[in-house]
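K.L.:
All chains should be built: construct the whole structure from the sequences, respecting the hints.
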Amino acid sequence: MSRARPVVLGALTTILGVAPLLVDPFFKSMAVTVMFGLTFATALTLVVLPLFYVLVFRIRPT
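Residue numbers for the sequence shown, in this note's numbering: 1 to 62.
Hints in this document: simulated from the structure, not taken from any laboratory.
The model shown is predicted, which means the values in this text are computed figures rather than measured ones.
Heads up, some of the hints might be wrong.
What the hints assert, rightly or not - Derived SDA-like pairs: lysine to any residue, alpha-carbon spacing no greater than 25 Å straight-line:
1) K28 with A41
2) K28 with T13
3) K28 with T14
4) K28 with G10
5) K28 with V8
6) K28 with V18
7) K28 with A11
P.N.:
Right, here's the structure in full:
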């Protein structure tokens, strides 16, 4: 979990950096796609993949 904070903060800065594009009708669809895609990928990386790894390799807490 020591890497969760930098990953979340990095994703958050990118999401907030793209947020001003939501005002422009030309770039709005791209901004929404980038924001939701990055949110989904971050959640997948931090939650789903570790759970999948634990289930597949049957890792038990020691």
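K.L.:
Name the hints, by number, that the structure is in violation of.
P.N.:
Result: no hint breaks.
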